[in-house]
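Guided by the hints, dock chain W onto chain C, whose structure is given.
Just so you know, the sequences run in chain order C and W. Heads up, the first sequence is in numbering that gives the first Met the number 0, so the first residue is 0 and it goes up one at a time. Heads up, the second sequence is in numbering that gives the first Met the number 0, so the first residue is 0 and it goes up one at a time.
No lab work stands behind these hints, which were simulated from the structure alone. One or more of the hints may lead you astray.
[Unchecked claim] 30 Å max Cα-Cα, derived DSS-like pairs, lysine-lysine: (1) W:LYS94 / C:LYS11; (2) C:LYS92 / W:LYS34; (3) W:LYS94 / C:LYS134; (4) C:LYS92 / C:LYS143; (5) W:LYS94 / C:LYS92; (6) C:LYS134 / C:LYS111; (7) W:LYS94 / C:LYS98; (8) C:LYS151 / C:LYS78; (9) C:LYS98 / C:LYS111; (10) C:LYS143 / W:LYS94; (11) C:LYS115 / C:LYS58; (12) C:LYS3 / C:LYS143; (13) W:LYS94 / C:LYS3.
[What the hints assert, rightly or not] With the Cβ distance kept under 8 Å, some of the chain W side facing chain C (calculated, not the full set): (14) GLY65; (15) ARG67; (16) ILE92.
[Unchecked claim] Chain W stretches covered by chain C per the calculated footprint, using a threshold of three residues with CB under 8 Å from any CB of chain C: (17) 0-14; (18) 46-57.
All C-beta atoms in this analysis are idealised placements derived from N, C-alpha and C, irrespective of residue type, glycine included.
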Amino acid sequence: MFYKLLETLDNKIRFERARAHCDIPCGIYDPITAQIAALTVVRMMDLMAGLEGGEDKGKTEYHNSMSRYIAVKEEHAEKAKHELRVIWGDYIKPEHIEKHPELHDLVFKALKLGSKVRQTADRQAGLDFVEAVNKFAEVFWAIKGVATRRAKAPYAPNLELVYPAL
Amino acid sequence: MFRIIRISGESLSPEYQEGDFAVVAASPFFLSRLKAGDVIVGAHPDYGTLIKRVSQALPGAVFVRGSRAESVDSRTFGPIPRPAITGKVVWHIRKARRER
Numbered sequence: 000m001f002y003k004l005l006e007t008l009d010n011k012i013r014f015e016r017a018r019a020h021c022d023i024p025c026g027i028y029d030p031i032t033a034q035i036a037a038l039t040v041v042r043m044m045d046l047m048a049g050l051e052g053g054e055d056k057g058k059t060e061y062h063n064s065m066s067r068y069i070a071v072k073e074e075h076a077e078k079a080k081h082e083l084r085v086i087w088g089d090y091i092k093p094e095h096i097e098k099h100p101e102l103h104d105l106v107f108k109a110l111k112l113g114s115k116v117r118q119t120a121d122r123q124a125g126l127d128f129v130e131a132v133n134k135f136a137e138v139f140w141a142i143k144g145v146a147t148r149r150a151k152a153p154y155a156p157n158l159e160l161v162y163p164a165l
Numbered sequence: 000m001f002r003i004i005r006i007s008g009e010s011l012s013p014e015y016q017e018g019d020f021a022v023v024a025a026s027p028f029f030l031s032r033l034k035a036g037d038v039i040v041g042a043h044p045d046y047g048t049l050i051k052r053v054s055q056a057l058p059g060a061v062f063v064r065g066s067r068a069e070s071v072d073s074r075t076f077g078p079i080p081r082p083a084i085t086g087k088v089v090w091h092i093r094k095a096r097r098e099r
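Excised from the complex, chain C in its bound form:
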């Protein structure tokens, strides 16, 4: 209750800030980069499937587009994995694991799915990858004490993403 009172006062008069510096760089961590990268993987899978059924199959244009979709899928799967590793390795601390003991297993599964979506064009694996990264995002924001909500991304493939409810 006293905290709430101080918080209300702080909004009006803004108390002095004392910084508990940690890790000289910026300290900005956000799983949204990984989430969007995972979403991009599914988008590329959809574009690949669409191209497969098109009229240009076998033509130069087909090979050009397919190569590009595959390259972007590769790139974004790796990007998502990289972002997960950075948050996991740099931000997550032992006390977070104590509160969220499922986190190591969650990251492990997400990284494995990140490999699977590179090796295959399996859309279900892509969906599972997005969901695994979403679950990681939920734990991340819980650690930060920030509530989350799920909403469909406003762009194809319109999958549900976890957003901080700010």
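Just chain W, lined up with the frame of chain C:
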């Protein structure tokens, strides 16, 4: 003599966390009796207003440490001279911790 500060950063977590408040005493009564384990607020020319835990109190300066391996503290910037210490935390008001 007393002032309220708000904490930003995670160097002293899990005890002190981002958004917590603290009442800080600046009187000589408190500042002359600093000892290891006390949490102080100080002014640093590069890092601004800092909050850190005293690891060693010497007559002219104190060494401070954060709670984490990657904390920026006296291992990085050396001891804090006594005149740069602007207060000692006498009351810590925590933000409600979210449990799952």
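Hint check results:
{"no.": "1", "hint": "W:LYS94 / C:LYS11", "in the structure": "holds, 18 Å"}
{"no.": "2", "hint": "C:LYS92 / W:LYS34", "in the structure": "holds, 28 Å"}
{"no.": "3", "hint": "W:LYS94 / C:LYS134", "in the structure": "holds, 25 Å"}
{"no.": "4", "hint": "C:LYS92 / C:LYS143", "in the structure": "holds, 12 Å"}
{"no.": "5", "hint": "W:LYS94 / C:LYS92", "in the structure": "holds, 19 Å"}
{"no.": "6", "hint": "C:LYS134 / C:LYS111", "in the structure": "holds, 15 Å"}
{"no.": "7", "hint": "W:LYS94 / C:LYS98", "in the structure": "holds, 17 Å"}
{"no.": "8", "hint": "C:LYS151 / C:LYS78", "in the structure": "holds, 21 Å"}
{"no.": "9", "hint": "C:LYS98 / C:LYS111", "in the structure": "holds, 23 Å"}
{"no.": "10", "hint": "C:LYS143 / W:LYS94", "in the structure": "holds, 12 Å"}
{"no.": "11", "hint": "C:LYS115 / C:LYS58", "in the structure": "holds, 28 Å"}
{"no.": "12", "hint": "C:LYS3 / C:LYS143", "in the structure": "holds, 18 Å"}
{"no.": "13", "hint": "W:LYS94 / C:LYS3", "in the structure": "holds, 8 Å"}
{"no.": "14", "hint": "GLY65", "in the structure": "holds, 6 Å"}
{"no.": "15", "hint": "ARG67", "in the structure": "holds, 6 Å"}
{"no.": "16", "hint": "ILE92", "in the structure": "holds, 5 Å"}
{"no.": "17", "hint": "0-14", "in the structure": "holds (count 12)"}
{"no.": "18", "hint": "46-57", "in the structure": "holds (count 6)"}
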